[in-house]
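Visitor: Residue 157 is where the sequence shown ends in UniProt numbering, and the numbering goes up by one at each step.
If you're looking for bench data, these hints aren't it; they were derived computationally from the structure.
There could be a bad hint or two in this list.
Said to hold, decoys possible - Simulated DEER-style distance windows between Cβ atoms:
#, residue 1, residue 2, range
1, F39, D136, 16 to 26 Å
2, G60, Q132, 30 to 40 Å
3, G107, T138, 29 to 39 Å
4, A149, V59, 28 to 38 Å
In this text, a Cβ means the ideal position worked out from N, Cα and C, and glycines have one as well.
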Amino acid sequence: MSSLRLAPCHEAERAQCLVRDNMAADYRRHGLEWDAEGFHSRWQQWCWRWLESVEQESVGQRLGLMAWNIDAQVLYLRELHVYSDRQGRGVGQQALALVELEALRLGCRYIRLRVLSGSRAEALYLRHGYQQLRRDPTPGGWVLGMQKALDGLELTA
Numbered sequence: 001m002s003s004l005r006l007a008p009c010h011e012a013e014r015a016q017c018l019v020r021d022n023m024a025a026d027y028r029r030h031g032l033e034w035d036a037e038g039f040h041s042r043w044q045q046w047c048w049r050w051l052e053s054v055e056q057e058s059v060g061q062r063l064g065l066m067a068w069n070i071d072a073q074v075l076y077l078r079e080l081h082v083y084s085d086r087q088g089r090g091v092g093q094q095a096l097a098l099v100e101l102e103a104l105r106l107g108c109r110y111i112r113l114r115v116l117s118g119s120r121a122e123a124l125y126l127r128h129g130y131q132q133l134r135r136d137p138t139p140g141g142w143v144l145g146m147q148k149a150l151d152g153l154e155l156t157a
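Work out the full structure: start from the sequences and follow the hints.
Guide: Structure follows, in structure tokens:
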């Protein structure tokens, strides 16, 4: 497991490739199609950050990507993707810790997200205290709306 930092992402095409590639199997399983136009329409509305390593031997190496937006006191985690060769090494777990700190720093009380049922991401979010609020059908499963309250968490970084 490596330590992470957030770095601005201004590369829409590289971000889209990572998101599309990571979501391909889940989209197929759910009977969904990639929407490039929708991705680009949301690009300017969300805060995009690379997940970069701060380990001495790999400083600045990109391990993944996150995107979010804020409405009132809620941070909406829109994207969290780890490069396939880095999955299963705790990067997603560290990314969630970073976004929780960012949400606290920005005065948010909750983090909300949507995830496809049966995905590895669903299990990650459940392990880290996210609770299901709703579910909406897809042709092959559900889109789950999840939330984590940040009450009791402290800004320590």
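Visitor: Each hint: holds or not?
Guide: Here is what the structure says about each hint:
Between F39 and D136 the beta carbon distance is about 20 Å. The supplied range of 16 to 26 Å therefore holds. At about 36 Å, the CB distance of G60 to Q132 agrees with the hint of 30 to 40 Å. Between G107 and T138 the beta carbon distance is about 33 Å. The supplied range of 29 to 39 Å therefore holds. With their beta carbons about 34 Å apart, A149 and V59 fall inside the hinted range of 28 to 38 Å.
The structure fails none of the hints (numbered hints given earlier).
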